Structure formats: C-alpha cells, structure tokens
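**Student:** Numbering (this note's numbering) for the sequence shown: -7 to 329.
In case anyone wonders, no lab produced these hints; they're calculated from the structure. Since this is a predicted model, take the numbers as computed values, not measurements. Worth double-checking, as some hints may not be accurate.
Below, simulated DSBU-like cross-link-like pairs (lysine-lysine); rule was C-alpha separation at most 35 angstroms, straight line [what the hints assert, rightly or not]:
1. 183 - 218
2. 208 - 218
3. 312 - 327
4. 327 - 208
5. 215 - 199
6. 300 - 218
7. 176 - 215
8. 318 - 18
9. 218 - -3
10. 219 - 300
11. 176 - 219
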Amino acid sequence: MTGTKAWCQLFSEPGAGSDLAGLTCKADLDGDQWTINGQKVWTSFGSVADLGMLIARTDPEQPKHQGITWFAMDMHQSEVDVRPLVEMTGHALFNEVFLSDAHVGNDAIIGGRGNGWAVANTTLMHERSGLGSGGGSAGGGAATPGTIGGFLTKRAGDFASAPKKKRTAAAGSSASPLGGGGAKLMIDLAKGNGTIQDPTIRQDLMKLHTLGELGKFNNLRLKAAKKAGQDIPGFGNLSKLAMSDIMRLTRDIGLRIIGPAGMLHAYRDEDRAANDEATGNPFGQIVTSIALWAQAPPIYGGTDQIQKNIIGERVLGLPKEPGDTKGVPFSELPKNA
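Construct all of the structure, not just a fragment, from the sequences and the given hints.
**Tutor:** Right under this line is the structure:
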C-alpha cells in the first residue's frame, strides 16, 4: 500500500445494514470477468476513491454467509455512479453507489470465491479498531490519498513543514473529537469562556480525558498482543462502543460549554467564521459540527447494538438470537418486498 490509490468500502446496502450478510448486490461470472449489479450506501469517501472493497453475492443457492465474494473493484468505470449524501452537518462524507453492469476481473477476488464473508469480517475488525483509536473524524483528514483527492502532486514535507494555523470554525469541521484531541479542545474551550470554573463541567472534562487515555493504552495493549502473535477477542467491538461513548460525551460537554450558541450552525464552511464572531464563541461551529456528527458513530461501522450482540455471542459465549437460518440457501430466505 503506497497511498497512490484511495479505497472505499462497498459493503452496506439499503436493505442490508445491520444484517450485512443479507446483501443482494450480485456478481455474475462471464468468462474471466464478473458483471456487478446492485446498490451500496453509506460509502465513506466514495467520491474520491480509486478502488472499492466490494462484497457481492456470487452464489444465491448457498447460505447467506457463504455465497459472498470480496472483490477489489475499479471505481473509475462509467458503470459506477457515485452520488454524495449531504449530512445535517453540511458535509458529504457518505455516498450512495449504483453499479449497473460494472465489471471486475476474476483476478480481483481476495480470499477466494465464496469466502468473502470471512474477508469482510477481517476488514471490519480493522475498521472498528481504527475508529476506536481515533481513526475517524467529524469530517475528514488533512490529506486524502489517491488520484482524485488532489494530494499526489504534493510532497509529504509540504504537510510536515506547513505552518501551524490557528484553529478556525471552518477548519474545525475536520477536527476529530476522538482520543486526547477532543478532550484538549473542550478544555481549551472551557478555559476560554470561563466555564472551566463549573465543577460539574470539570468533572466531565476529566472523564472525557480519561476515556481518551484508556483508548490509547488499550490500543497499545492490542499492538503488543499482535506483535506476540496473540489476539484480544472482541477488541474491535469494544473499541467501537467506547468511541460512541466518547462522541456522546464530547457532544454533551461542548453544548454545555457554549450554551445558547449551540443552537446555531452554518452549513457552509465560508459562513462559519462569521457565525462564531456574531456569537462570540470562537469554536462554536466546531462544537455544533461535532454535536450533529455524534449521531453517526453509534450507527456506522456496525451499530452499538450489533457490537454488543457480537461481544455476547463470540466473547461471552451467550446463545445466538432466535431465528437462526444457518444452512438455508439465500434464495429461499424471506425478503422484504
């Protein structure tokens, strides 16, 4: 992986989110090429991706977890239609993707035909661990890889040597509230407007700082375990749940700190500095962006409820939910009309 190509996940579908294995996007083999038809949704950075991690159904006569294959698909095809989904923050991190006779080679299969569910679970495990360690943000990172992001013509040193800018409302839309950064942002904000004197706010700020530090040390623990050839069952799921708690706490603290200004949010970046100036809250729009975005992490990458189900079944050994359809061909399962 050199960073010259940007990837996106083509996993979720309108009818297959929490029940991801219920996906209906199909891949039909024609010689040494597969023809792909279907729709994907909630695809992060799909509009700037060169390649897609696609899971599609290659054998509907197999049980739903077994007839799935993982493909590395070229996103630059005319048969791939990417449409941004504008969120209530005013940004469009997510996209919906329509695949109409898109093509992918037989040599683009990862993990073997029909083994896509296992590969997808490995992908999701790394995603959840990354999100839990602060790999997600409220609107994107400093540099986007790939040919569309526009950064391939810049030297890495251009980013490292760039002068540190004062954080503004517009720039703050990409500030990650995860890990220690979110706690520091809120502490600085509380110091700036005097609410740091409120003992209940101080207490919650320390709770936020503690959660961020725990996440950091847990990730170091996982790194050490991996280096020793070991694993921590359920780590990615637990990290994902912790991230949701951090997001909700960051939202609640931020809105308490800025008070009534939290009711105002500019949906265009160019209007945010003016909004902050008018309310006298230099970081107000960062807080409102985080507050609006906080609804997303408990849902994307697998809902909090799904994470708890996985932990219960795979880590604690609890019985599976009733209605297990293991062994039933996907084509015979009831579908939504």
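**Student:** Sort out whether residue 327 lies within 35 angstroms of residue 312, counting only the CA atoms.
**Tutor:** 21 angstroms, holds
**Student:** Against the 35 angstroms threshold, does the CA-CA distance of residue 176 and residue 215 hold or violate the hint?
**Tutor:** Holds, because 25 angstroms separates the two Cα atoms, which is no more than 35 angstroms.
**Student:** Check the hint pairing residue 176 with residue 219 against an upper bound of 35 angstroms on the C-alpha distance.
**Tutor:** The given pair, whose Cα atoms are some 31 angstroms apart, holds under the 35 angstroms limit.
**Student:** Residue 183 and residue 218: Cα distance at most 35 angstroms?
**Tutor:** Violated, because 40 angstroms separates the two Cα atoms, which is more than 35 angstroms.
**Student:** Within 35 angstroms, alpha carbon to alpha carbon, are residue 208 and residue 218?
**Tutor:** Judged against 35 angstroms, a Cα distance of about 15 angstroms means the pair holds.
**Student:** Is the hinted pair residue 218 and residue -3 satisfied, with a Cα-Cα distance of at most 35 angstroms?
**Tutor:** 26 angstroms, holds
**Student:** Between the alpha carbons of residue 219 and residue 300, is the straight-line distance 35 angstroms or under?
**Tutor:** 27 angstroms, holds
**Student:** Does the structure keep residue 327 and residue 208 at a Cα separation of 35 angstroms or less?
**Tutor:** Status violated; Cα separation ~42 angstroms.
**Student:** Holds or violated: residue 300 and residue 218, Cα atoms, limit 35 angstroms.
**Tutor:** Given that 35 angstroms is the threshold and the Cα spacing comes to 23 angstroms, the pair holds.
**Student:** Hint check: residue 318 vs residue 18, CA-CA at most 35 angstroms. Holds or violated?
**Tutor:** Distance ~20 angstroms between residue 318 and residue 18 Cα, so the pair holds.
**Student:** For the pair supplied as a hint, residue 215 and residue 199, confirm whether the alpha-carbon distance does not exceed 35 angstroms.
**Tutor:** Holds. Residue 215 to residue 199 sits at ~24 angstroms (cutoff 35 angstroms).
In this structure, the hints that do not hold are numbers 1 and 4, in rising order.
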